[in-house]
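Hey, can you work out the whole structure from these sequences and the hints?
Sequence lines, in order, name chains C and E. FYI, the numbering for the first sequence is 0 to 232, going by numbering that gives the first Met the number 0. FYI, the numbering for the second sequence is 0 to 719, going by numbering that gives the first Met the number 0.
Among the hints, a few may not be true.
Incomplete in silico selection of chain E near chain C, CB under 10 Å [as the list claims (entries may be wrong)]: (1) Asp132; (2) Ala255; (3) Asp257.
In silico EDC-like cross-links for lysine to aspartate or glutamate, where the CA-CA straight-line distance does not exceed 20 Å [to be verified]: (4) E/Lys660 - E/Asp650; (5) E/Lys128 - C/Glu92; (6) C/Lys42 - E/Glu258.
Since the hints were made in silico from the structure, they are not lab data. It should be emphasised that the depicted structure is a prediction, and the values quoted were computed from it without experimental measurement. Where a beta carbon is used, it is the ideal one built from N, C-alpha and C, also for glycine.
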Amino acid sequence: MKGFWLALLLLASPAFGAVDAGDYDAFWLWSGVAPQPVLKQAKTLYILQGQINSTRRAPKRGVQFIAQGMSVPRLTQGEVWIVYRAHTLHWPESVYTQLLGQVQRWREAGNPVVGIQIDFDARTQYLHEYTGFLRDLRQRLPKELRLSITGLMDWSSNADPASIAQLNGVIDEVVVQTYQGRHSIPDYAAYLPRMNRLGVPFKIGLIQGGEWQEPEYLKGSQWFRGYVVFLQN
Amino acid sequence: MRIGLLSPLALALLAGLSHQAQASSDDSCYPDWRVSRNNLDVCSNLPFLSPGNDSRVNLRLLLADKKAAPLAPNDLGEEDLAQGFGPVPFPVYRLTAPAAEPTDEPDDSGTASLAEMLTSLGIPRDNDKAAGDAFLAGEGSRCRSNNDDSTAAFISQVVKADMPPAERQLLAKQRVQMLTACSWDGMATGEAEQLKSVDGKALLAYLQAAGDFYSGRFAEAQKGFATLTDSSLPWLKETALYMTARTALNNAQQNAFDEYGTPSLEHVDKSALQLAETGFDDYLKTYPQGEYATSARGLLRRVHWLAPNPDKLADDFTWQLTQANDAQRNVSLDELVEEADTKLLTSTTEAVKNPLILVLNDLMWMRAGNPPKLTREALDAQKSIFAQEPALYDYVQAAFALYVEHQPDSTLKLLPQDVPSTLDYFAFSQQTLRGLALEAKNDWKAAEALWLQLLPLAKQPLQRDQLELALAMNYERSGQLAKVFATDSPISAKQVRYILLRNVAGPELLRQQMAQASDPVERQTAQFVLLYKDLLHSQFATFAEDLKQLPSPAPEDKIGTSLGYVYSGGKPLQLFQWNGEKSESGYTCPSIAQTANTLQSDRKNPQGLNCFGEFILRNGLDGMPLEQARSAGGLGSTASDFKGETFSRLDGYMQVIDNAKAPHNDKAYALFRAINCYGPAGYNSCGGEEVDKSERKGWFRQLKTKFADTQWGQSLQYYW
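Below is the structure:
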């Protein structure tokens, strides 16, 4: 821990740089966001394709799986992750079937799909349920597909360490958001070092045009795997 | 921290993307409390036609008046309340009915009739998976129609048609086989030759064309279907006509999506699209009530979107939203509203020749912008489009005068002066705009009279809620806050009352509501705000007096959203009885009552100032919602009736640091805490003026040298 506090002392001036998507090569692409020239340099794309909703009336029965994309892409290069937003973890069998069917269609169309990413509103107190869900999902996925999740910075400080430890070996990466709305969260520097505690590879999610100053300790972090930029119109 | 409660990626959407990607009903939102707004906030809509509303909300208001779909807001849920919402303003998703049909229990009438026919034909079905069922709701694919229903429809024709049983069996078997995949390579030559009957051959030709269609061989499919449009079998004739158009459409859009799956309309094959349009028009002319009429109308929307032909698309939507019945719509009304938004409203830049759609676009285009997208000239040029809807045109002009030209007098001239006896949403919008124009002229009295006049007439959902908000804002800004809390006040909206109490009310009003409010939360809130502000505004004698009203022990339950906290945040009244329990950093304080007493007689008392800070620190009051600025012009944004500055603990520590007479220990602790205000990341969490890093460095040096003998001088290793 001492190293971490020392590192914080060494933090550069609190001036921030704007996130220029041109400096990065991994992006989130959501429907409704117009493709930008910067996509040409993408090595990794996370593309939103579906949303799993629960209805309030019958949360367990009325689960809908709603498409978010307009058409199956035809990408030939780089690595593609298909992103699913989940508002519930109570998925009926049909959702798994449709999800895996969609992954299959993407691959048949030649897209280099390497995995799926789940974007779930996982409040720390429900993390335990989430890990169980993810373990089950992992087993349903074809072996060659990786599993990614989006994560929140406060997991690293608020979550039960036992729940966190269970993520290890279940997911291949967590992409941690450092922004809220259009703005970077001011105290991200205080949270990020603790990401190492998760014991899983992590990436840092930035927002195009947001603010970001890479803390110096990050590059030396054992589990840090780079950035993903959320593109905006 | 609050972000912990939002879906991570949803966070980004809240900011700039507005709503494109959200079919969601659950994204987190926070209300912004005001009636008049000229910038979009999808989380804060009101039940009148407003440029600040999401276009889907404005559309639903018009649909409600046309009796196409009643405005039926969902009840406020736990989540809504936790985010601070009252009935208005409301997020878009409160108007979307929760989905009724679960996808794990699909409609299986086609499945049942298919099973029946297959049994009687003696054909086993090895696999009940249909290729067309593998898709997500709303996912686009021509394969979706390759399902049990269309298979049953075909086989029922096979059963009806004139042919030997063997042919019948063969055709049915082939169709069942096609059902399992999204492509089909046709029948083996030997098998095809077994079909000798006229009907058998015709149905085989259809099957092959359908196989070509699903497999993406559009030219072949087109040819195949074309040969059948004169078939003597009526079903075949009708279906083939529809399928030729559908094939043309699929052909036209083959390259219409780029490698990322987003539309690039310049790559649409225009001549194929023209064929599709003519084809669907022909089909609908020949079979206005046909089997595929609903689907054909839906696909025509796609044709008009791809063209792009916004005028025709606007007419499509208008008819399907306001004239059609459920059976005539290929999607639900809710889905149609979403589609109108993404495919038309948010993408058109020119005025469409359709008043219902144009009014929505005009409102969007008059949102704050530099310059606004809508100009007076462009608006004047729309006159003929609104020829049949003069009142709608007047309304758009009145809104333009208010929001863009800031000429409330012009607004008033364009609106009806008399209040009608019943208020649909349009009449309600007219009167709302009148009230807002009066307020823009600072004619608070006339506006107040209007809001009061409208109250008994507000019968449609959410109208009364908006009027209560408008009236409360009127009272607040015209210096009549007490009227909101008068015993005969028509304003019962809890959240509105809480906001005014916590942000604007002075001590007298708070004491009054502590005693007389009928809502217990309001009583507790008033008491909390009173004690908090007495203290933080350094009114120590008054604090001591007001503290006597607090029962001992004080309630332990947290007061949450009424103080402006969200989700599970909140503070109990009990904290005003904080006894100065020994803190982890080893600095001893008496109770907050005693500290206040000390400070009352000696404003600069070092221990008193440190302990005032300790009270804030230990009770988690740094940056609490009562200290957060209200957004300008919104409810509760006028000046607070509490006088004086709010105490900041950083400021308190600095007074101790600068006090030459402060005791050694007190000064050391003040230094320690002041430095920690900037930990662990260099941001001040203690309020007050920012302090330069060089000064913080100086504090650290002082602490480590002059105060090295104190526990804080020893324990602190770094500064930030």
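To see whether the hints hold, each was checked on the structure:
Taking 10 Å as the C-beta cut-off, the interface hint given for E/Asp132 holds, the closest approach to chain C being about 8 Å. Taking 10 Å as the C-beta cut-off, the interface hint given for E/Ala255 holds, the closest approach to chain C being about 8 Å. About 6 Å separates the beta-carbon of E/Asp257 from the nearest beta-carbon of chain C, less than 10 Å, and the hint is met. For the suggested pair E/Lys660 and E/Asp650, the alpha carbons sit about 17 Å apart, so the restraint of at most 20 Å is met.
Using a Cα cut-off of 20 Å, the hinted pair E/Lys128 and C/Glu92 holds, with the two alpha carbons roughly 13 Å apart. Distance check on the hinted pair: C/Lys42 and E/Glu258 sit about 14 Å apart at the alpha-carbon level, within 20 Å; holds.
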